[in-house]
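J.: Read off the chains here:
2 protein chains.
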Amino acid sequence: MEKTEKSHSFRTSGTNLRKAKTHNHSVVLEVIRTQGPISRTKISQVTSLSRQTIQNIVAQLEELDLIQMTASKIVGRGHPGMEVSLNKDAALSFGIHVDRTRATAVVCNLDGQATWETTRDLSSATPEAANTAIAAIVSTFRKAHGDLFPTVVGCGIAAAGPFGSQTVPNGDPTSFHELGTQENLALLERQLGLPIALENDAAAAAVGEGFYGAGRGVENFAFLQFGVGLGAGFVLKGDPYTGSHGNAGELGHVIVELDGEPCPCGNSGCLERYLSIDALCRHLGLPRDDRSTFNTISELIDAKDEKIIAWIKNAIPRLHQAVNILELMLDPETIIIGGTTPESFLKLLIQMATPFPAALSKREDGKRIQNGAAGNFSVALGASAVSMNTHFAPSVSRLVL
Amino acid sequence: MEKTEKSHSFRTSGTNLRKAKTHNHSVVLEVIRTQGPISRTKISQVTSLSRQTIQNIVAQLEELDLIQMTASKIVGRGHPGMEVSLNKDAALSFGIHVDRTRATAVVCNLDGQATWETTRDLSSATPEAANTAIAAIVSTFRKAHGDLFPTVVGCGIAAAGPFGSQTVPNGDPTSFHELGTQENLALLERQLGLPIALENDAAAAAVGEGFYGAGRGVENFAFLQFGVGLGAGFVLKGDPYTGSHGNAGELGHVIVELDGEPCPCGNSGCLERYLSIDALCRHLGLPRDDRSTFNTISELIDAKDEKIIAWIKNAIPRLHQAVNILELMLDPETIIIGGTTPESFLKLLIQMATPFPAALSKREDGKRIQNGAAGNFSVALGASAVSMNTHFAPSVSRLVL
DNA sequence: TTTATTTGTCAATTTGTTTTAAAAAATAGA
DNA sequence: TCTATTTTTTAAAACAAATTGACAAATAAA
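Protein chains in written order, with our numbering: chain A, 593 to 993; chain B, 593 to 993.
Bear in mind the hints are in silico, worked out from the structure with no lab data behind them. Do not rely on the hints blindly, as some may be mistaken.
If several chains are the same, the list does not tell them apart, and a pair holds so long as it fits within one copy or across any two.
[Claimed, not checked] Here are the simulated DSSO-like pairs of lysine-lysine, each with C-alpha atoms no more than 27 Å apart in a straight line:
#, residue 1, residue 2
1, Lys-905, Lys-680
2, Lys-611, Lys-634
3, Lys-680, Lys-613
4, Lys-613, Lys-959
5, Lys-735, Lys-899
6, Lys-829, Lys-899
7, Lys-680, Lys-829
8, Lys-954, Lys-611
9, Lys-613, Lys-899
10, Lys-611, Lys-829
11, Lys-954, Lys-896
12, Lys-954, Lys-899
13, Lys-680, Lys-735
14, Lys-829, Lys-896
15, Lys-896, Lys-735
16, Lys-611, Lys-959
17, Lys-899, Lys-634
18, Lys-905, Lys-939
19, Lys-939, Lys-899
20, Lys-611, Lys-899
Work out the full structure: start from the sequences and follow the hints.
T.: Written out as structure tokens, the structure reads:
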């Protein structure tokens, strides 16, 4: 038997025709998805593959019912071509956002349209309860839409990381550390009958914006996630980046004040102490884990409550710091801000924080700081995108490993 | 004529057999370079290419004189195989580090051994003077080693960025902005008769450590560069990462103090104000751009001078912040510290800053913070590595764009 | 009407990897 | 010493996907 000691680095693993083929198929699908409807000739130019090759690939994608051919509306000299467009409903995926109190789930198609959504309260803030809720959500959908279930390609789950055994569990009990163990994921896969992709919430939201939203076609961007804490997710060179242990983007624990407020993480002066929903709740004396808090904040914003305005004023320099760090470290094209908070809150925060201090790199107007396209569902939608991404999007790992 | 509107994103550009070939050749060479001497069977396992394919590729690399076959020393059952090893001197490249006062140059082989080195003072702190110095260095080497010149594959240049038109020139006149314009690079290429690769100093040093030094084989790491200012260079997923405008890693201008010391960049409280050779010089009342400063610092360190010790004590929390930011943002396997400073200084700084505050991810002992392998020449060596990297190392861009 | 231009299709070709097969060389065990 | 086993080496044929070139068809512009 051949030893298949798989290399895990791009730099040391070769490729072959088979892998090239799957890559090219992904690429063509990606171009159709993001730029379609589009003629085959145009695809050929964009991908730098020959017309004939595109012809073949498109034919095969049509065979799989992933795309459709339509008569071109473009007028011009020459043979009138057909255009190719994505068959948006060819695939569905679950996206489930799990936090301490509940699981928020969507079922999305290839265009990021949620065809189904639901929420379910967790019986307790434990991984077991999360497992139960996830399984219940999937089976509920299956019962209601048995006809659609076969087109579901996978299930993306997002929760507050970090996961994995390489990480030091911090004092904060927010993290669902055990959710991400190999055993638990394998168990869930068997139970659900679906491949599972797990990602931390900010990273998932970033993938979501990249796949469906404001980050579509953007090479490098950061997603700033206002969850309970403060996190960031990165898409670098078109690929999600999560670091060596999956903990990249833990912006909330960057120390911004040398002898600042103590943080449950053990350090003090963490950014999250000053800029997060958690910090706002402490300022307002609201319970952090209560769903009513969401509405309360929303109402206070609408009422232009003095206390909340004061907090925002105080938080602005911290937001500037966050943006400063992201821009200087990663030099992204854009920073997308979102989270599971009232949209009015983020909108006001960004508005009051504008103009942001001068940056080193010039960016297109309106492209420096953006509001996320997915709103409150950014994480759940992102989780679904993570799953879609692993199935359909071009990725270095599939080309080479 | 075919329109060759080249796609610039990995996600939208296809590949073919030809590109796969160049990738596989790079991969095999990379494996031999980093893991050689190595048997062909072993290469086959590592790269997940078939034995026969490795046979073919190795034969072609031998034809090009890039590698050599040697009798294997491995004993064991079975036919004794040959081992493949890198022909270290098959290629040379220039690495030139340009700062305000001088150009430091090395000529390196594929193993990072400097076969030649020189320095040359700049007549003035202008791009023109830099051009002149670079040209003089190359022609000096050519005159002295005409026989070796044909094996030179390129010239890497490193200077304090940012370069390019997309960037806002900041108040600091350290930057050689004009060096990186298209026109100037084209001019230099014609003048030198060599392909040029330009990179900012920290990024170059990072590439150097990744290609030759402490970052060999490490997937994700950051290089913390003590130049005049403070910069960071990143290698992510085995590839250099420099951001959308080439300004990633400008760690020195991260604002760490809300109403801190004003910085020439326009903001105030930049990390560089507290942690950099520039800051040290200000503390000691030494001239920043004078070469004698280097020796002075070295002597003060040896003498355990109180004033410098006091400065370091003060700077330690700032170094902790820098490491904290790098680790939280990128979750690298390791952080490599280096720069154009006396080695004793960095050594003492790291020593006094140890232990570093707890991190989120567990890292192998001794692999969390490392001293750079290239010492003072890290940037020049890095510049050479940048050139080598573009010629020989596997890269997504060559596989796909 | 003629010509230029673009798209779609077919068949043949190219190219690099993989598969298959067989020989050669060394060790371990009988 | 002989034999089975293991591993490397080499050669030839098979294979799979992209490319190339040629030509037909359709349309707009001249």
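J.: Given identical chains, is Lys-611 near Lys-829, meaning Cα to Cα at most 27 Å, within a copy, between copies, both, or neither?
T.: Both. Shortest intra-copy (20 Å) and inter-copy (19 Å) distances satisfy the 27 Å Cα cut-off.
J.: Evaluate Lys-680 and Lys-735 at a C-alpha cut-off of 27 Å and name the case that applies: within, between, both or neither.
T.: Within one copy, since 22 Å is at most 27 Å while 65 Å is not.
J.: Cα distance capped at 27 Å. Does Lys-611 pair with Lys-899 within a copy, between copies, both, or neither?
T.: So Lys-611 and Lys-899 fail the 27 Å test inside a copy (58 Å) and across (61 Å) alike.
J.: When Cα atoms must be at most 27 Å apart, do Lys-735 and Lys-899 count as within-copy, between-copy, both, or neither?
T.: neither (47 Å within a copy, 74 Å between copies)
J.: For the identical chains here, do Lys-905 and Lys-939 meet the 27 Å Cα criterion within one copy, between copies, both, or neither?
T.: within (14 Å within a copy, 42 Å between copies)
J.: As a check of your reading, is Lys-954 near Lys-899 (CA-CA no more than 27 Å) within one copy, between copies, both or neither?
T.: Answer is neither: 35 Å inside a copy and 41 Å across each miss the 27 Å cutoff.
J.: Quick one: Lys-899 to Lys-634, C-alpha cut-off 27 Å, is that within a copy, between copies, both, or neither?
T.: Neither: 55 Å inside a chain and 66 Å across chains, both beyond 27 Å.
J.: Regarding Lys-680 and Lys-829, is the shortest C-alpha distance of 27 Å or less found within a copy, between copies, in both, or in neither?
T.: The answer is within: 25 Å in one copy meets 27 Å, while 32 Å across copies does not.
J.: With 27 Å as the alpha-carbon cut-off, assign the pair Lys-939 and Lys-899 to within, between, both or neither.
T.: within (17 Å within a copy, 49 Å between copies)
J.: State whether the alpha carbon distance between Lys-613 and Lys-959 is at most 27 Å within one copy, between copies, both, or neither.
T.: neither (35 Å within a copy, 39 Å between copies)
J.: Should Lys-611 paired with Lys-959 be assigned to within, between, both, or neither, using CA atoms and 27 Å as the limit?
T.: For Lys-611 and Lys-959, neither the intra-copy (35 Å) nor the inter-copy (34 Å) Cα distance is at most 27 Å.
J.: Please work out whether the CA atoms of Lys-896 and Lys-735 approach to 27 Å or closer within one copy, between two copies, in both situations, or in neither?
T.: Intra 45 Å, inter 75 Å, cutoff 27 Å: neither.
Going through the hint list in order, the structure does not satisfy hints 1, 4, 5, 6, 8, 9, 11, 12, 14, 15, 16, 17, 20.
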